[in-house]
Amino acid sequence: MIDAASASLALLARDLRAVARSRSQLYSSLLFPLMLLALLGTGVSSGLSPTSPRILDGDYTSYLAPGMIAMTALFSSTFSSAGFYRDRESGLLRAMLASPHHAQTILFGKALGSILIGTVQALAVLVLAVLIPGIDLAWQFGWLGGVATVIATILALNFMLSGLSLLLALKIKTMQGFHLIMNLVLFPLFFLSGAFFPLDLVPTWLEVIGYINPLTYAVDLLHYASYADSPDGLIGPLIDGLVLGGLAVLLFAVGLRRSPRAV
Amino acid sequence: MTDIQLSVHASEVVTLLGPNGAGKSTILKMLSGEIAPQQGSVSIFGAAHGREARRRIGLVLQEPSTDDLMTLRETLQLHGRLFGLSRGRLNQRCAEMLGSLGLEERADDRCETLSGGLRRRLDIARALLHEPDLLLLDEPTLALDPDSSATIWDTLHDRVSDGAAVVVCSNDTVEAEAHADRVVIVDDGRIVAEDTPANLTAGLLHDALELDWPESAERDVEEIERWEGVGAVVATAEQLFLTVENAAEVVPLLFQRFGSQISGIRIRESSLRDAWFRIVGRPLVDSQGGKE
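If you're matching them up, the sequences are chains A and B in order. Heads up: the first sequence begins at 1002 in our numbering, then just goes up one per residue. Heads up: the second sequence begins at 99 in our numbering, then just goes up one per residue.
Everything labelled a hint here was simulated from the structure, so no lab data went into it. Here the structure is a predicted model, which is why all the values come from computation and not from measurement. Keep in mind that the hints are not guaranteed to be accurate.
[Said to hold, decoys possible] Over the 10 Å line for every Cβ pair with chain B, so calculated as not near, a few chain A residues:
(1) 1096
(2) 1103
(3) 1156
(4) 1175
(5) 1202
(6) 1244
[Said to hold, decoys possible] To give an idea of the interface, some chain A residues facing chain B are shown, with a C-beta separation under 8 Å as derived from the structure:
(7) 1004
(8) 1008
(9) 1011
(10) 1019
(11) 1022
(12) 1025
(13) 1095
(14) 1097
(15) 1099
(16) 1100
(17) 1105
Even for Gly, the Cβ is constructed at its ideal location relative to N, Cα and C.
Starting from the given sequences, assemble the full structure and let the hints guide the process.
And the structure:
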């Protein structure tokens, strides 16, 4: 057990070091959401004057902030999962799987890296969003509980995405195919998650799809904990937590269990 | 793979010799536990394959398998931690391996800066780091410079002298003859022969001739085989291979009798690759697609 923990931690340390050395990936994952906040947020707030009751005082930049935190988690976790492909193509994964550990221990160590990287980068965007003047987060139940809920949400989201990435990586043999599928799946899900616009503004058929979408529950929980000034119009933490937590456990467990020794 | 029966003993270097696609790497994957045989069984150190067996195996894959963003030292340290080496032992073994493979000056460079030969040395260092009792190596010296090959083999023989068994996949007959205690000839998914290099080459005459002779007639081949001082003759569509007691006596006869049909000739001392011709009936094609 200690052996397995030590192996997973060694793999985690190696992945963290790799990200620290890939400066472009590090910077772009932070700059892209900030750029969206600045350009899209300001543009929509000033140019379109949104009037949904879910967008408080028509301040779209602040509404966008929780969605950008979710987006950062989403993209950095996906980028990190692509490391699985690099290791597979370089043969390093085979070399690691030849160690005495179960394949699940190796893949758990690698997944830990993508979860931690996704979480830290998302929290970095949260910190920057808090520091940016003009972004107004209500923290309706206090900042301590709010931040704890945000961290839990991001962790659950990253566990879910890691499980999904593992499942896809075992089915799709090339990194290009993986990115294509992730983009085809993740972008529509992200657009229909309430991150960019409240779901009560869209036609019913899109709203239905939105509520089937697991990301909706992550974005809802982030809005609930940080941005909203009342629970009105939100799904609520109980259902959000059950859906997100349940899917995180299910996808991560299935992703690890389906991992063969030979890859 | 069909009818594979192979046992490997301590302090023994076994070379699986065969062309690409013969099944050598598949045998290696079965030995490393990456794949299980559809029928039959693999026993490692007297037990079924599992975690304890993997702990005692060192594996080198066909292609260098390093992470460009890691340094050499980090690569070894990660491997050592996966194999449960204590911090002190790991540092000691890293220093020993980097030293014996001539990598100590590059220890803190990233792998992306290494040449193919140095990457291969790093692969070997990693495979040996945890002092395995069984080393499985898939073409470890393919396309390497002679210095790198010699360094790698010196290090492997050191480990063999400590009692480790080594199984090497190769299509290099010269290397097999120089380093293997036993050569297992693998062709078309079967083991067609296995013996010491000396025994495999024992029936060969002293010199080997390789003739460029398109579409040699069967009766010509039979005539040559009847000549005194000529061993077995193997004919392919384009070439004729034979071993002879003395090339200086046979070559003039060949040109006198068949000169107009022979467009080229290569003469050398007979070796394991002639044993391959004799056993398999065709030349061994190397990984570049050319004849060895």
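Hint-by-hint comparison with the structure:
{"no.": "1", "hint": "1096", "in the structure": "violated (5 Å)"}
{"no.": "2", "hint": "1103", "in the structure": "violated (8 Å)"}
{"no.": "3", "hint": "1156", "in the structure": "holds (25 Å)"}
{"no.": "4", "hint": "1175", "in the structure": "holds (17 Å)"}
{"no.": "5", "hint": "1202", "in the structure": "holds (44 Å)"}
{"no.": "6", "hint": "1244", "in the structure": "holds (36 Å)"}
{"no.": "7", "hint": "1004", "in the structure": "holds (5 Å)"}
{"no.": "8", "hint": "1008", "in the structure": "holds (5 Å)"}
{"no.": "9", "hint": "1011", "in the structure": "holds (4 Å)"}
{"no.": "10", "hint": "1019", "in the structure": "holds (5 Å)"}
{"no.": "11", "hint": "1022", "in the structure": "holds (5 Å)"}
{"no.": "12", "hint": "1025", "in the structure": "violated (13 Å)"}
{"no.": "13", "hint": "1095", "in the structure": "holds (6 Å)"}
{"no.": "14", "hint": "1097", "in the structure": "holds (6 Å)"}
{"no.": "15", "hint": "1099", "in the structure": "holds (4 Å)"}
{"no.": "16", "hint": "1100", "in the structure": "holds (4 Å)"}
{"no.": "17", "hint": "1105", "in the structure": "violated (12 Å)"}
In summary, the structure is inconsistent with hints 1, 2, 12, 17 from the numbered list given earlier, while agreeing with the others.
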